[in-house]
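K.L.:
The primary structure of each chain is shown beneath.
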Amino acid sequence: MDLSNYIYLSVILFTIGAIGVVVRRNAIVVFMCIELMLNAANLAFVTFARINGNLDGQVASFFTMVVAACEVVVGLAIIVTIYRSRRSASVDDASLLKR
Amino acid sequence: MFSAPVLNYSLLAPILIVLGGALLGVLVEAFLGKAIRATAQLAISLGSLVLAFAQIIRIHSERSLTAAVNSVAIDGASIFFQGTVLVLAFIGILFIADQDNFAAQASAIPGSEEERSAIETGKQQTEIFPLTLFAVSGMMLFPMATDLITLFVALEVLSLPLYLMAGLSRRRRLLSQEAALKYFLLGAFSSAFFLFGSAFLYGYSGSLSLSGIANAITAGNGNDIFLLIGIAFLSVGLLFKVGAVPFHSWTPDVYQGAPTPITGFMAACTKVAAFGATLRIFYVGLSAAQWEWKPIITTISILTMAVGAIAAIAQRDVKRALAFSSIAHAGFLLTGVIALNKAGLQASLFYVVAYGFTTLGAFGIVTLVRDSAGEVTDLNRWVGLGKKSPLIAGTFVLFLISFAGIPLTSGFIGKFSLFNAAYESGNILVVVVGVLSSAVAAFFYLRIVVMLFFTEPANDSVTVVIPSVMTRIAITVCALATIILGVYPSLLLNTAQTFANFLA
Amino acid sequence: MTTSSHLVYLIALPLISAALLLLLGRKTDKWGHILATLVSASAFGIGVSEFFAMQGRTGDARAATQKIFSWISVGTFKVDASLLLDQLSICFVLLITGVGTLIHIYSIAYMSHDHDRRRFFAYLNLFIAAMLLLVLGDSYLNLYVGWEGVGLASYLLIGFWNQKPAYATAAKKAFVANRVGDVGLSLAIMIAFAQFGTVTFAGVKAGAPHASTAALTAIGAMLLLAAAGKSAQFPLQSWLGDAMAGPTPVSALIHAATMVTAGVYLITRSNFIFDGSSTARLMVVIVGGITLIFGALIGTAKDDIKKALAASTMSQIGYMILASGLGPVGYAIAIMHLLTHGFFKAGMFLGAGSVMHGMDDEVNMRRYGGIGKLMPITFATFGLGYLAIIGVPPFAGFYSKDKIIELAFNAGGTKGIILGGATLLGAAITAFYMTRLIVMTFTGAKRWDEKAHPHESPILMWLPMAVLAVGSVATGFLFNSGNSLVNWLAPVLNSRNEVGGEELMKPIVVSALALLAVIIGVGIAVGMYRKEVPVVAPEKVSVFTRIVRKDLMQDAFNEAVLMRPGQKLTEGLVKTDYFAIDGLVRLVAGIFASTSTALRKIQNGYVRSYALIMVGGALALIATIWVVTL
Amino acid sequence: MSIVTTLELLPLLGAVLLAVIPKSNAELAKRVALATSLVTLAVAGVMAYKFQIHDSAMQFVQSNKWIASFGINYAVGIDGIALVLILMAVVLVPVVILAGWHESENGKWSAKVFYILILVLETMMVGVFAATDVFLFYVIFEAMLIPVYFLIGGYGRGERAAAAMKFLLYSLFGGLLMLAAIIGIYVIAGNQIGHTFDLAQLSTLTIDSSTQNFLFLGFFIAFAIKAPLWPLHTWLPTAAKSATPGTSILLLGVLDKVGTYGMIRFCIALFPEAAKTFTPLIIVLALISILYGAFLAIGQKEINGLIAFTSISHFGFITLGIFAMTSQGLSGATLYMVNHGFSTGALFLAAGWMVSRRKSSNIEDFGGLQRVTPVLAWTFFLAGMSALALPGLSSFVSEFLVLVGTFTRYPIAAIFGTTGIVLAALYVLIVIQKSLHGPTTPGNEDLKDLNLREKISVAPVIALLVIFGFFPKPLLDAINPASQTVMTHAGVTDPAPKAGK
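Residue numbers (the numbering used here), protein chains in the order written: chain A, 1 to 99; chain B, 1 to 504; chain C, 1 to 630; chain D, 1 to 501.
Keep in mind that a hint or two might mislead.
Claimed, not checked - Simulated crosslink set (BS3-like; lysine-lysine; CA at most 25 Å straight-line):
id, chain 1, residue 1, chain 2, residue 2
1, D, Lys448, C, Lys27
2, C, Lys164, D, Lys448
3, C, Lys550, C, Lys164
4, B, Lys342, B, Lys294
Unchecked claim - Here are the computed distance ranges between Cβ atoms for each label pair:
id, chain 1, residue 1, chain 2, residue 2, range
5, A, Ile19, B, Ile57, 47 to 53 Å
6, C, Met563, D, Pro22, 55 to 61 Å
7, C, Arg586, D, His102, 32 to 38 Å
8, D, Gly194, B, Val50, 40 to 46 Å
9, A, Cys70, B, Val6, 25 to 31 Å
Stated by the list, open to error - Incomplete in silico selection of chain C near chain D, CB under 7 Å:
id, residue
10, Ile72
11, Phe175
12, Val176
13, Ser186
14, Leu187
15, Met190
16, Ala556
Hint data in this document are derived by calculation from the structure and do not stem from the laboratory.
The beta-carbon is built from N, C-alpha and C at its ideal position, and this holds for glycine as well.
Working from the sequences, and respecting the hints, build out all of it.
P.N.:
This is the structure:
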C-alpha cells in the first residue's frame with residue numbers, strides 16, 4: 001500500500017499530540033502527548049527510511065527512543081516534586097510566575 | 001557489513017574530559033562525605049573545564065569532519081564555540097559555587113522538617129555541579145554536530161540537566177519548581193518539533209547529515225513540502241532554544257524562577273550553543289534554500305528585537321527584565337544568521353562572547369542584592385542602590401550600558417559588527433529596525449540607571465552582601481571583558497575572524 | 001585723497017575715556033566728569049584743526065582717509081576699519097564735538113546732584129565716540145557700527161534713571177524702534193554687497209551707475225527705513241517723545257542736535273543711490289512731508305515742555321528728510337537745516353533744562369508762567385532759538401527753512417504745490433506751537449505752587465546756552481552767504497549751485513508767504529494763550545484735540561497692530577511647543593509604554609497558553625514559507 | 001604623537017589624578033581640575049601657534065590602527081574649523097571650573113566625581129572635533145553623552161533625572177540613525193575602495209542619489225538633534241533648566257556645536273549632492289528655528305529656558321549660514337559657533353550667579369539688580385548685547401556674515417532671517433528690563449555682587465567677545481581656507497556681484 005499514508009498518519013499523530021499539549025491540564029497527560037509527538041516523529045523517520053531505502057531513519061528512531069526515555073526520567077522527577085509540594089499535577093495551578 | 005566506528009579521541013578530548021568530569025562528579029556525590037564534597041565537586045568541575053580548554057587550545061588549528069564518523073565537525077566555528085562555552089561555564093560555576101542559592105535537598109518538600117534539618121545539619125547536596133558539566137558537554141556538542149541525530153541528542157543532553165537545575169533554588173522553591181516544570185514541558189514540546197522537522201528533512205533528502213541535505217537542496221529533486229515542513233519545524237526547535245519571538249514565552253518565567261546563578265549560566269551558555277548550532281544548520285545545511293527561510297527569519301528577528309525591547313520597558317522584576325533584554329539580543333544575533341556571510345559569522349562569534357560576559361556579570365550582580373528572605377529582584381526595591389553601594393551599582397550600570405550598545409563597551413562593537421554584516425548582505429531593513437529598537441531598549445536601561453542613582457533610596461532592608469571571593473573574581477572578569485572588548489576589540493575580533501569558518 | 005594718521009583719535013579718545021570711567025567705577029567719581037569734558041573738548045580741537053587743514057587743501061585732496069586695521073575679510077567680502085573725513089563728515093564732526101562739548105560743560109552743573117554723574121559722562125563719551133564713528137566710517141558696515149553704537153548710548157541714557165519702570169520702558173521702546181530701522185540698514189548693505197561686491201561708499205558710488213534702477217530703489221527704500229528708525233520719521237516716530245525720559249542734556253545732544261539727524265546724514269551720504277532712483281526719492285519726500293506735519297501737530301497739544309520740543313524736532317527733521325529727497329541741491333539744504341537746527345534746538349533744550357532746573361524738575365508748562373522775569377538769560381537765549389526755529393529773518397532757521405520751502409514749491413507740478421503747501425503749513429504750525437510754548441513758559445502770570453523757587457542757572461549752564469544762542473543767530477547767514485555751505489559740500493553731494501527745478505514763483509515771493517504763515521501762527525497762539533491758562537488741561541475739548549493729545553494715536557496703533565498680536569502669537573507658540581511638539585514626543589513614549597504593558601499581560605503564566613502561542617508560531621512559519629515558496 | 005593627542009590625553013590624565021585623591025578633599029580636587037584645564041589651555045595655545053594658517057589641509061595628523069579588521073583607525077587632525085572650535089572648548093572649560101567653584105557641592109556625588117566627569121568630557125570634546133575617522137568620531141559622539149548625562153542627572157536642579165533621560169534618549173536616537181548611515185557608507189566604501197572609515201577617502205566615493213539622500217538624512221537628523229533644529233529641539237530647554245550653569249555652558253556652548261560642525265564636516269563633505277537636494281528644506285527649518293526660538297524666548301518665564309531658546313534661534317542662524325554654501329555663510333557660521341559659545345557662556349554664567357544668589361530662576365523674582373549688584377548686572381547686560389549681536393561685539397560679525405552670505409544666494413531667506421534681529425532685541429531687552437531695571441524687587445536688597453573669583457572667571461569671556469568684535473581676523477584667517485576647501489569639494493562658488501562694472 002501507499003507509504004505516504006504513514007506520513008499522513010504521523011502528521012495526524014503529531015497534530016493530536018500538539019492539540020493535547022494545548023488542551024489538557026494534567027501534567028502527566030501533557031507529557032504523554034509530547035511523547036506521542038516524539039513517536040509520530042519516529043514513525044515518520046521509519047517510513048522515510050523505507051521510502052529513501054536506507055537505514056539512517058531507523059537508527060534515528062532508536063536514538064529517539066533512548067532520548068525519550070531519559071526525558072521521561074527527568075520529566076517524571078520534576079512532575080513528582082511539583083506534585084509533592086503542591087498536591088496537584090495540574091499545569092494550570094503552576095502559574096505563579098507571570099507578568 | 002557493519003564496520004566498528006572509529007573515533008578520533010584526541011580531537012574529541014575536550015568534550016570527553018567534561019563528560020568524564022561529570023561522571024566523576026556523580027561518583028563523588030554518591031560516596032564522598034558531606035564535609036569535603038562541595039570542595040571536591042568545585043575542584044573537579046573547574047578542573048575539567050580548565051583541562052578541556054587546554055585541549056581546545058591544543059587542537060585549535062585542527063580541522064576534521066571524521067572525528068566521530070562524520071557526525072561532528074572540528075572546524076574554526078565549533079572550536080571557537082566550545083572554547084566560549086568552556087570559558088563562560090567556568091565563570092558560571094564560580095557563581096554557582098555560592099551554595100547558599102541552592103536547595104539543600106531537592107527531593108524534600110518545601111518547608112518540610114526534612115528540608116529544615118538538611119539545611120541545619122549542612123547535608124547540602126551538590127548534584128548541581130555534575131548537572132552543570134553534563135549541560136556543558138551538551139552545549140559543546142551542539143554547535144559541532146553535523147547530523148540531525150547528533151544535533152537532537154546534543155540538544156537533549158544540554159536541555160535535560162538545565163530543566164532540573166532550574167528547579168533547585170533554595171528559596172521560593174515553588175516558583176523554582178514551577179519554572180522547572182514549564183521549562184521542561186515547553187522544552188520537550190519544542191524538541192518534538194525539532195525532531196519532527198528533522199524527520200521531514202530526512203524524508204526530503206534521504207540523508208541525516210547537513211551536507212547531505214545541502215546537496216539534496218542544490219540538486220532540488222525532492223518533495224518541497226517535506227523540505228518546507230522540515231525547515232519550519234526545525235526552526236521552531238532552534239528558535240525556542242535561542243528564545244526568539246514567538247517561541248520566547250518561557251524565557252521570562254524560567255529566568256525569574258530559576259536560581260539566579262543558573263539563570264546566568266543558561267542565558268550565557270545556552271545562547272552560545274544554540275546559536276552555534278543554528279548558524280551551522282543555516283549556513284551549512286540550508287544556505288541553498290535561503291530564499292525559503294530568509295524572509296521568515298528576518299521577520300522573526302525584527303519581531304524579536306522589537307518585542308524584547310518594548311516588553312522590557314514595563315517589567316518590574318529585574319530578572320524578567322534581563323530575560324526580555326536577552327530576547328532582544330537573540331533578535332540582534334539572528335541578524336547574523338540572516339547575513340549568511342563570513343562577516344555575519346565573525347560578528348556572531350564576537351557577539352556571543354561579548355554578550356555572554358556581560359549577561360553573566362549582570363546576573364552575578366543580581367545575586368548580591370538581598371534582604372533577609374534572600375535575593376531581591378523587585379526593581380522598585382533597587383531604588384537608591386547607587387547610594388548604598390556605588391561600586392556594585394556602577395558595575396551593573398556598566399553592564400546595562402553595554403546591553404544598550406553605547407560605544408566603548410563590548411555591546412557596541414558587537415552590535416556594530418552584526419549590523420554591518422547584515423547591511424553588507426543587503427538586509428537594510430533589519431539594520432534600521434535594529435538601531436531603532438536599541439533606542440527603545442536604551443530607554444529601559446536608563447530607567448534602571450535613574451532608579452539606581454537619581455532616585456532617593458526607599459529606606460527598607462535591601463542590602464548588598466559582600467561578594468564571596470569567587471563571585472568577586474567572576475564579576476570583575478566580566479566587567480573587564482566588557483570594557484576591554486569595547487575599547488580594544490581587535491583582541492577578539494581577529495580571533496573571531498580566523499575561526500569564522502564552517503567545514504562542510 | 002589725503003591719508004591722515006590721527007583721525008582715529010577723534011574716536012579713540014572719547015571711547016577710551018568712556019571705558020575708563022566705566023571700568024574704574026566709583027574711583028573716578030571725583031574727576032570723571034572733568035576728564036570726559038576735556039576729552040570731548042580735545043576731540044573738538046582735533047576737528048577744528050582738521051577743518052583748517054582741509055581748507056588748506058583743494059579739490060579731491062580735501063577728503064582724508066585713514067585705514068586703521070583690516071576688520072572682516074571673507075571671500076570677496078572685505079571690510080576695513082577705516083575712516084573718511086570729507087566735506088560732509090567734517091560738518092558733523094564739528095557739530096557733534098562742538099555742541100557735544102558745550103553740553104558736557106552744561107551737564108557738569110546740571111547733573112551735579114546725581115550721584116551717578118560719572119556714569120552719565122561715561123555714556124556721553126561713549127555716544128560721542130559712536131557718533132563720530134558713524135559719520136567717519138568709510139563704508140556702510142563701519143557706519144552700521146556707529147549707528148548701533150549711538151543707539152546703545154541713547155538706550156543707556158534714556159534709561160539712565162531706569163529704576164523708574166516707565167523710563168526703562170522708554171529706553172527699550174527706543175532701542176526696538178531703532179532695530180526695526182536697522183533691519184533696513186542691514187538689508188541695504190546686503191543688497192549693496194550682492195550688487196556691487198563691496199560696501200564702501202566709494203565702491204558703491206562707483207558701481208551705482210551700472211546697477212538697475214530696481215536695485216537702487218530697493219537699497220534706497222531700505223536706507224529710508226533705517227533713517228526713519230533713527231530719525232523718528234513716520235512710521236517709526238513714536239519712540240522720540242518717550243525718549244525725553246532721559247536727562248535733558250541728553251535730549252539736547254542726542255535727541256535734538258545729533259543722533260536723530262543721523263538718518264539725514266545716511267540719505268545725503270547715499271546721494272549716489274537716490275540720484276539713481278526717482279521712486280526712492282519720492283518715498284523720501286513723502287515720509288518727510290508726512291512727518292513734518294505729524295510732528296508739528298503733536299507739538300500743538302503737548303503740555304510737557306520737553307515733549308513739545310521733541311515733537312518739534314521730529315517735525316524739523318521731517319523738513320530735512322523732505323529736502324534731501326528733492327534732488328542734488330536738496331542734500332546740501334538738508335544739511336544746512338540740520339546744522340542750524342542743531343544749534344537752536346540744542347539751545348532751546350538746554351533752556352528747557354535750565355527752566356526745569358529752576359522749577360525742581362517740573363515739566364508741565366501749565367505750571368510755569370512768567371518765568372522770563374526770573375530767568376532772564378534763559379529767556380533771552382531761548383528767545384533767540386525761538387526766533388530761529390520759526391524762521392524769522394535774519395535768524396538761522398529762516399535761511400535753511402526758507403530754502404526748503406522754496407525747493408518744495410519748485411519740485412514742479414502738483415507735487416510742488418502739495419509739498420510747498422505742506423512746508424508752509426508746517427511753518428505756520430511751528431510758529432503756533434513754539435509761540436504757545438514761549439507764552440506759557442516765560443510770560444503771563446505765575447502758575448507754580450509756592451514750593452518752587454525759580455532762579456537763574458549757574459554760569460556753567462547758561463554759558464553753553466549763550467554760545468548756542470549765538471549760533472542760532474549767526475549760522476544761517478554764515479552758511480548762506482555766497483552759498484558757502486552748498487559749494488563746500490558740492491564735491492560730496494554733487495549739489496549744483498542754484499536751486500534746481502523750474503521756478504514756480506520768485507524766491508522773494510516764497511519768503512513772503514513763509515513769513516505770512518509764521519505771522520498767522522504766532523498770532524493765533526498769542527491770541528489763545530495770552531489770557532489765563534488753566535493749570536490742568538481742560539477736559540472738554542474737541543475730538544481733534546484729544547487725538548492730537550494722544551500723539552495722533554501712534555502708540556494705540558502700534559499696540560493694536562504690533563504688540564498685542566505679537567503677544568498672542570508668543571503665547572500661542574509657547575502652548576504649541578508644549579502641547580504639539582513636545583506632546584508628540586510624549587505621545588510616542590506613551591504608545592511604547594502601553595504596548596509594553598499589553599505585552600506583559602500576554603505573559604499570563606499558563607504553560608498551555610505558551611504552548612498555544614508556540615503552535616500558532618509554528619503554523620505561521622509554515623504559512624509564510626508556503627507563501628514565499630509559491 | 002600629534003600635539004592633538006597630547007591635548008586629548010592631558011585632561012584624561014587629570015581625571016586619573018583626581019580619581020586617586022581622597023574624596024573628602026573637595027578643595028584639592030577643584031585645584032587639580034583647574035590646573036589641568038589651564039595646562040590644557042596652554043598646550044592648545046602652543047598648537048594654535050604652530051598651526052599653519054594658510055595651509056588648508058589637515059594638520060597635526062596622526063593615524064594608528066585601532067580595530068584592524070574593520071579598517072578603523074585612531075586618526076586625528078585639525079583644519080581651521082576644528083582648530084577654532086577646539087580652542088573655544090578648552091577656553092570654556094577652565095572658565096566653567098573657576099566660575100562654578102561651588103557648583104559641584106550640592107550634587108548627588110562628591111566634587112571630585114564632578115570634575116572627573118568634566119575633564120573626561122574635555123578629552124572627548126577635543127577628540128570629537130579632531131577625529132578624521134568617521135568611526136572614531138561616532139564613538140566619541142555617543143560616549144560624550146554619558147558624562148553629560150551624569151552631570152545633569154547627578155548635579156542638576158529640579159526634574160534633573162527626567163531632563164537627563166530626555167537629553168540622552170534624543171541624542172541616542174539620532175546617534176543610532178547615524179550609526180545605520182555610517183554602516184551604510186562603510187559598506188559602500190567596501191565595495192568601491194575597500195573597507196575604511198577615513199573621512200578623506202570616504203568623501204571620494206560615488207554614491208547614487210537615492211542612497212545618498214538616505215545616508216545624508218541619517219547623519220543630518222543626528223546633527224539636527226544635537227544642534228537643535230526645529231522641531232527636534234524640545235530636549236534642550238528641559239536640559240538647560242535642570243543642568244548646572246557649567247554643564248549648560250559645555251552642553252550648549254560646545255557639545256551642540258558638534259551638530260553644526262558635523263553638518264559641515266560630514267553632511268556636506270560626504271554627500272554634497274544630497275546636501276544640495278535637501279538645502280531648501282533645511283533652510284526653511286533654519287528660518288523657523290530662528291523666529292520660533294526667538295518668539296519662545298520672549299515667552300519664557302524661566303531664565304535658563306530663555307537662554308536655551310535664544311540658542312535655538314542662534315543655531316538656526318548657524319545652520320542657515322552653513323547651507324547657504326557661500327564662503328561668507330560658511331565662515332560666518334563657523335565663527336558664529338565660536339562666538340555663540342562665548343556669549344551663551346557669559347549669559348549662563350551671569351544667569352547662574354543670579355539664580356544661585358536669588359535661589360530662584362524665575363525672571364519675575366529679579367528686578368533692579370543694576371542698583372544692587374552692578375558688576376553682575378553689567379556682565380549680564382554685555383552678554384545680552386552680544387546675544388542680540390550688537391555691532392562691536394563678536395557675534396555681530398558672525399551674524400552679519402551669515403546673513404550677507406545667505407543673501408547673495410537666497411535673498412528671501414536672508415530677509416526673513418534679518419527680521420530675527422528685531423525679535424532678538426525684544427527677548428534680550430525684555431529680560432534685561434525685568435531683571436536689571438526698575439525698582440529693586442523685595443528680597444533682592446542684599447544680594448552680593450560678584451566676588452573676585454567670579455570676576456576673574458568671566459572677564460576673559462567678555463574680553464574675547466569685545467576683542468573678536470573688532471578684530472575677528474585671526475579666527476577668520478584660520479577658518480577661511482577650511483571653508484574654501486568645503487566649498488570646492490561641494491563644487492559651489494560664490495555668486496558674482498550683479499552690477500558688473
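K.L.:
Hints first: check each against the structure and report whether it holds.
P.N.:
Right, here's what the structure says about each hint:
1. Proximity of lysine 448 of chain D to lysine 27 of chain C is assessed by CA-CA distance (about 20 Å); at most 25 Å being required, the pair is judged to hold.
2. For the given pair, lysine 164 of chain C sits about 23 Å from lysine 448 of chain D by alpha-carbon distance, which is consistent with the 25 Å threshold.
3. Note on lysine 550 of chain C and lysine 164 of chain C: the hinted pairing holds, with a Cα-Cα distance of about 22 Å set against a maximum of 25 Å.
4. Proximity of lysine 342 of chain B to lysine 294 of chain B is assessed by CA-CA distance (about 16 Å); at most 25 Å being required, the pair is judged to hold.
5. Judged by the Cβ atoms, the range 47 to 53 Å given for isoleucine 19 of chain A and isoleucine 57 of chain B holds: they are separated by roughly 50 Å.
6. Between methionine 563 of chain C and proline 22 of chain D, the C-beta spacing of about 59 Å keeps the proposed range 55 to 61 Å intact.
7. For arginine 586 of chain C paired with histidine 102 of chain D, a C-beta distance near 35 Å keeps the hint of 32 to 38 Å intact.
8. For glycine 194 of chain D paired with valine 50 of chain B, a C-beta distance near 41 Å keeps the hint of 40 to 46 Å intact.
9. Under the hint 25 to 31 Å, the C-beta atoms of cysteine 70 of chain A and valine 6 of chain B, about 26 Å apart, fit the expected range.
10. Taking 7 Å as the C-beta cut-off, the interface hint given for isoleucine 72 of chain C holds, the closest approach to chain D being about 6 Å.
11. Satisfaction of the interface hint for phenylalanine 175 of chain C is found here, the shortest Cβ-Cβ separation to chain D being roughly 6 Å, below the 7 Å cut-off.
12. A distance limit of 7 Å between C-beta atoms decides the matter here; for valine 176 of chain C the minimum to chain D is near 5 Å, and the interface restraint holds.
13. A hinted interface residue such as serine 186 of chain C counts as satisfied when its beta carbon comes closer than 7 Å to some beta carbon of chain D; here the least separation is about 5 Å, so the hint holds.
14. At a threshold of 7 Å, the smallest CB-CB gap from leucine 187 of chain C to chain D is about 6 Å, leaving the interface hint in force.
15. Contact between methionine 190 of chain C and chain D, as hinted, is supported at the beta carbon level, the nearest pair being about 4 Å apart and thus within 7 Å.
16. Taken as an interface hint, alanine 556 of chain C does not check out: its beta carbon lies about 20 Å from the nearest beta carbon of chain D, beyond 7 Å.
In this structure, the one hint that does not hold is number 16.
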